[in-house]
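Take these sequences, add in the hints, and give me the full structure.
If you're matching them up, the sequences are chains A and B in order. Positions 0 to 262 (numbering that gives the first Met the number 0) are the ones given, in order, by the first sequence. Positions 0 to 160 (numbering that gives the first Met the number 0) are the ones given, in order, by the second sequence.
Think of the hints as simulated: they come from the structure by calculation, not from any bench. For glycine and all other residues, C-beta sits at the position ideal for the given N, C-alpha and C. Just so you know, not all the hints are guaranteed correct.
Derived CB-CB ranges, DEER-like [claimed, not checked]:
1) Ala260/A - Gly151/B: 32 to 42 angstroms
2) Asp29/B - Thr35/A: 40 to 50 angstroms
3) Gly151/B - Glu22/A: 35 to 45 angstroms
4) Phe147/A - Gly31/B: 34 to 44 angstroms
5) Ala150/A - Thr11/B: 24 to 34 angstroms
6) Asp81/B - Asp62/A: 52 to 62 angstroms
7) Asp13/A - Tyr139/B: 39 to 49 angstroms
8) Tyr139/B - Ala83/A: 26 to 36 angstroms
9) Asp21/A - Thr41/B: 39 to 49 angstroms
10) Ala260/A - Thr11/B: 45 to 55 angstroms
11) Leu40/A - Ala123/B: 13 to 23 angstroms
No farther apart than 25 angstroms at their CA atoms in a straight line, the calculated lysine to aspartate or glutamate pairs in the DMTMM-like style are these [stated by the list, open to error]:
12) Lys4/B - Asp53/A
13) Lys79/A - Glu54/B
14) Lys37/A - Glu17/B
15) Lys79/A - Glu17/B
16) Lys56/A - Asp116/B
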Amino acid sequence: MYNFDIAKPTTIADAVQALTADEAQPLSGGQTLIPTLKARLAMPSTLVSLHAIDEMKGVCMDDEGRLCIGGATTHATVMKEAEAHYPGLASLAARIGDPAVRNRGTIGGSIANNDPSACYPAGALGSGATICTNSREIAADDYFLGMFETALEEGEIVTEVKFPVPEKAHYEKFIQPASRFPLVAVFVAKFADGVRVAVTGASNNGVFRWTEAETALSSNFSADAVSNLKASADDMISDLHGSAEYRAHLIGVMTKRAVAAMS
Amino acid sequence: MTQVKMTVNGKTMSGDVEGRTLLAQFLRDDQGLTGTHIGCDTSQCGACVVHVNGEAVKSCTMFAIEADGAEVATIEGQANADGSLNVIQQAFQDHHGLQCGFCTPGMVMSAAALLKDNPKPTEAEVRHYLDGNICRCTGYHNIVKAIMAASGQDVSAIAAE
Numbered sequence: 000m001y002n003f004d005i006a007k008p009t010t011i012a013d014a015v016q017a018l019t020a021d022e023a024q025p026l027s028g029g030q031t032l033i034p035t036l037k038a039r040l041a042m043p044s045t046l047v048s049l050h051a052i053d054e055m056k057g058v059c060m061d062d063e064g065r066l067c068i069g070g071a072t073t074h075a076t077v078m079k080e081a082e083a084h085y086p087g088l089a090s091l092a093a094r095i096g097d098p099a100v101r102n103r104g105t106i107g108g109s110i111a112n113n114d115p116s117a118c119y120p121a122g123a124l125g126s127g128a129t130i131c132t133n134s135r136e137i138a139a140d141d142y143f144l145g146m147f148e149t150a151l152e153e154g155e156i157v158t159e160v161k162f163p164v165p166e167k168a169h170y171e172k173f174i175q176p177a178s179r180f181p182l183v184a185v186f187v188a189k190f191a192d193g194v195r196v197a198v199t200g201a202s203n204n205g206v207f208r209w210t211e212a213e214t215a216l217s218s219n220f221s222a223d224a225v226s227n228l229k230a231s232a233d234d235m236i237s238d239l240h241g242s243a244e245y246r247a248h249l250i251g252v253m254t255k256r257a258v259a260a261m262s
Numbered sequence: 000m001t002q003v004k005m006t007v008n009g010k011t012m013s014g015d016v017e018g019r020t021l022l023a024q025f026l027r028d029d030q031g032l033t034g035t036h037i038g039c040d041t042s043q044c045g046a047c048v049v050h051v052n053g054e055a056v057k058s059c060t061m062f063a064i065e066a067d068g069a070e071v072a073t074i075e076g077q078a079n080a081d082g083s084l085n086v087i088q089q090a091f092q093d094h095h096g097l098q099c100g101f102c103t104p105g106m107v108m109s110a111a112a113l114l115k116d117n118p119k120p121t122e123a124e125v126r127h128y129l130d131g132n133i134c135r136c137t138g139y140h141n142i143v144k145a146i147m148a149a150s151g152q153d154v155s156a157i158a159a160e
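Okay, structure coming up:
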């Protein structure tokens with residue numbers, strides 16, 4: 000690792016200020032960033048740790064019935080504290096990485112990194128969540144722009160994610176056995192006014208909504224409704240773990256399983 | 000360099016570290032606590048698991064500065080006050096839960112974290128919890144058996160092939 004300084008602000012305002020330094024970068028749980036630094040794929044001058052910012056931690060419900068999760072909240076905390084409010088999302092958090100990783104990794108870090116195989120982007124897009132930063136609120140539909148690309152500006156911090164709570168939701172993940180990241184995973188959320196289906200791990204453009212399945216499931220919420228649908232293999236990731244066609248096939252299988260699990 | 004101070008196994012320890020100094024390096028190189036092992040150095044193998052403020056973390060994937068002021072527990076602090084093995088360590092010995100021993104510190108620390116939250120885990124829960132601890136001797140059956148035994152459960156029916 001190249002060397003750097005670590006700043007430990009205790010408020011969002013101080014963190015934003017610290018991030019104005021040349022080559023400064025936020026550090027949340029570090030479960031992706033630290034391995035990246037070890038591989039010398041990044042060379043920040045200062046890492047601004049978000050870990051000591053209490054106003055960015057915790058899980059609560061707001062007046063509109065949305066589940067609000069602070070950006071620096073760990074997966075382990077979401078797993079425990081979201082269970083009573085939004086079990087489908089708590090279950091997603093409970094299956095990220097392993098117990099020690101879940102004790103450090105945060106929702107804000109995952110959403111800001113937007114790894115094409117990460118779990119939280121599927122939960123956020125599938126729920127139609129709102130991504131709150133230190134300066135604005137962004138709808139999930141406008142936030143995830145591509146592989147490792149988001150609408151975040153330089154120095155902008157994900158402070159909170161607000162999730163509308165669906166009637167039911169399920170996250171079905173087919174893990175890549177070595178990395179335990181999703182090879183393909185699908186988050187299906189059934190709201191009173193329709194169904195959202197978000198897919199991670201599959202596309203070269205990162206997380207996306209499978210609109211054909213959403214239309215079919217919104218009129219008939221059953222596994223049969225999607226049994227004849229085929230996701231397009233265009234733009235799917237193709238690597239030694241699975242071809243584009245295989246991933247496209249898995250999208251259908253994971254969607255069916257997710258719906259079946261809720262029926 | 001930045002000075003950090005933390006409580007490790009009940010003792011206050013301090014030292015000067017760089018921003019990039021990992022908690023595992025601070026424990027091993029600065030404090031001489033070499034029981035915490037670095038296996039993969041990529042947060043996959045779990046040989047470096049320690050507890051920070053009561054939670055299991057991979058000390059190769061956390062900076063020492065982030066643990067400033069924290070309560071840290073490592074394998075060196077696990078034995079009983081009289082020096083005898085604690086119940087988990089003893090169960091690892093009794094059930095042959097280690098072969099080369101390299102993963103053992105992480106396995107014991109993960110097991111301690113599991114049993115704190117879930118004192119009577121099922122076999123499936125133990126196996127699932129050890130997702131992030133890799134044994135290169137592939138001695139998982141006896142590790143699972145040892146953890147089940149440490150929780151006071153009968154392990155005679157658990158496969159050990």
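Hints versus structure:
1. At roughly 34 angstroms, the beta-carbon separation of alanine 260/A and glycine 151/B lies within the given 32 to 42 angstroms, and the hint holds.
2. The hinted range of 40 to 50 angstroms is not satisfied by aspartate 29/B and threonine 35/A, whose Cβ atoms lie roughly 24 angstroms apart.
3. Checked against the hint of 35 to 45 angstroms, the pair glycine 151/B and glutamate 22/A fails, with Cβ atoms roughly 53 angstroms apart.
4. Checked against the hint of 34 to 44 angstroms, the C-beta distance between phenylalanine 147/A and glycine 31/B comes to roughly 40 angstroms, which is consistent with it.
5. As the Cβ distance of alanine 150/A to threonine 11/B is approximately 45 angstroms, the hint placing it in 24 to 34 angstroms is violated.
6. Taking the beta carbon of each, aspartate 81/B and aspartate 62/A are about 56 angstroms apart, inside 52 to 62 angstroms as hinted.
7. Range check, aspartate 13/A to tyrosine 139/B: Cβ separation about 46 angstroms, and the 39 to 49 angstroms hint holds.
8. Under the hint 26 to 36 angstroms, the C-beta atoms of tyrosine 139/B and alanine 83/A, about 34 angstroms apart, fit the expected range.
9. Range check, aspartate 21/A to threonine 41/B: Cβ separation about 29 angstroms, and the 39 to 49 angstroms hint is violated.
10. About 50 angstroms separates the C-beta atoms of alanine 260/A and threonine 11/B, a value consistent with the hinted range of 45 to 55 angstroms.
11. Between leucine 40/A and alanine 123/B the C-beta distance comes to about 37 angstroms, which lies outside the given range of 13 to 23 angstroms.
12. The suggested pairing of lysine 4/B with aspartate 53/A holds, with an alpha-carbon distance near 21 angstroms, which does not exceed 25 angstroms.
13. The suggested pairing of lysine 79/A with glutamate 54/B holds, with an alpha-carbon distance near 14 angstroms, which does not exceed 25 angstroms.
14. Only pairs whose Cα atoms come within 25 angstroms are accepted, and lysine 37/A paired with glutamate 17/B is accepted, the gap being roughly 14 angstroms.
15. With a C-alpha separation of about 34 angstroms, the suggested pairing of lysine 79/A with glutamate 17/B is violated against the 25 angstroms cut-off.
16. Restraint check: the Cα-Cα separation between lysine 56/A and aspartate 116/B comes to about 21 angstroms, which is no more than 25 angstroms; the hinted pair holds.
The structure shown violates the earlier hints numbered 2, 3, 5, 9, 11, 15.
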